[in-house]
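A.B. asks: Sequence:
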Amino acid sequence: MFGRTIYSFSFSVLISSLHIGCCVLPLFSVAIGSSSGFQILNQYKPLITTFQVMLLMYILVSLLSHYTGIRVYHSRRSLLMGKLSLAVVGAGLLIGYTEPFKTENQRLAEQQFKMFQTHRQMTLLVSGEFDQAALKGELSKVNGIKSKRITFNRDSVELTYSSELTSRQQIMAHLRKKGYEVTDEIR
Numbered sequence: 001m002f003g004r005t006i007y008s009f010s011f012s013v014l015i016s017s018l019h020i021g022c023c024v025l026p027l028f029s030v031a032i033g034s035s036s037g038f039q040i041l042n043q044y045k046p047l048i049t050t051f052q053v054m055l056l057m058y059i060l061v062s063l064l065s066h067y068t069g070i071r072v073y074h075s076r077r078s079l080l081m082g083k084l085s086l087a088v089v090g091a092g093l094l095i096g097y098t099e100p101f102k103t104e105n106q107r108l109a110e111q112q113f114k115m116f117q118t119h120r121q122m123t124l125l126v127s128g129e130f131d132q133a134a135l136k137g138e139l140s141k142v143n144g145i146k147s148k149r150i151t152f153n154r155d156s157v158e159l160t161y162s163s164e165l166t167s168r169q170q171i172m173a174h175l176r177k178k179g180y181e182v183t184d185e186i187r
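The sequence shown lines up with residues 1 to 187 when you count with the working numbering.
Hints in this document: simulated from the structure, not taken from any laboratory. Here a beta-carbon is modelled for each residue, glycine too, at the ideal position from N, C-alpha and C. Certain hints may be false.
To be verified - 25 Å max Cα-Cα, derived DSS-like pairs, lysine-lysine: (1) 114 <-> 102; (2) 114 <-> 148; (3) 177 <-> 141; (4) 146 <-> 136; (5) 114 <-> 146; (6) 148 <-> 136; (7) 148 <-> 177; (8) 114 <-> 141; (9) 102 <-> 45; (10) 177 <-> 146; (11) 136 <-> 177; (12) 178 <-> 136.
Said to hold, decoys possible - Ranges of calculated distance between the beta carbons of each label pair, as one might list FRET restraints: (13) 101 <-> 58: 22 to 32 Å; (14) 47 <-> 152: 49 to 59 Å; (15) 116 <-> 67: 43 to 53 Å; (16) 121 <-> 45: 29 to 39 Å; (17) 106 <-> 76: 38 to 48 Å.
Use the sequences and the hints to build the structure in full.
C.D. replies: If you want it as structure tokens, here you go:
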């Protein structure tokens, strides 16, 4: 019986280490200088989590069957290994999903990266005379444009918009419908 529990303990340590590695190892690698080698773990995080949950269920059923009398561990050492395996898998799941080792700067960097993925910048060339306040008002009516991120130059407007809520074409169509002659200056 000890042979089976030592394997479940070893497997639980391996899977928990991989799951924790998805989140913790990149933090350690920042001190070294590169985290590119650990990105492969993030790619397989759902698979590792699935193995970890399956292992947790196996260990729980095994321990519950012992305590209900269905199956008996033959030695205290086997029972201890089962309990240790449960603790390792539980701690691995907890650490893997709560990520307690992340600093505030890392959380802010993740938020900024998410914003970077969904927000775009655009420069519009405006022909003719235009009232900046009126144009800013029209741009603010478009869902997804950040009104605080609208800046004017002599004959152009720079703005930031959410690509999930609007597109370059929708912005230009809205302004043209309101009578503005605009062209998109793609960078």
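A.B. asks: Indicate, hint by hint, whether the structure satisfies it.
C.D. replies: Comparing the hints with the structure gives:
1. 114 <-> 102: With a Cα-Cα distance of about 17 Å, the restraint between residue 114 and residue 102 holds, given a limit of 25 Å.
2. 114 <-> 148: holds (19 Å)
3. 177 <-> 141: holds (13 Å)
4. 146 <-> 136: Cα-Cα ~10 Å, so holds.
5. 114 <-> 146: holds (16 Å)
6. 148 <-> 136: This hinted pair holds, its Cα atoms lying about 10 Å apart.
7. 148 <-> 177: With a Cα-Cα distance of about 23 Å, the restraint between residue 148 and residue 177 holds, given a limit of 25 Å.
8. 114 <-> 141: Roughly 24 Å separates the two Cα atoms, so the pair holds.
9. 102 <-> 45: holds (17 Å)
10. 177 <-> 146: holds (20 Å)
11. 136 <-> 177: Given pair residue 136, residue 177 holds - Cα atoms ~15 Å apart, limit 25 Å.
12. 178 <-> 136: Between residue 178 and residue 136 the Cα gap is close to 12 Å, so the pair holds against 25 Å.
13. 101 <-> 58: 22 to 32 Å: holds (28 Å)
14. 47 <-> 152: 49 to 59 Å: Because 50 Å falls inside the window, the suggested range holds.
15. 116 <-> 67: 43 to 53 Å: With Cβ atoms ~51 Å apart, the hint holds.
16. 121 <-> 45: 29 to 39 Å: holds (32 Å)
17. 106 <-> 76: 38 to 48 Å: holds (43 Å)
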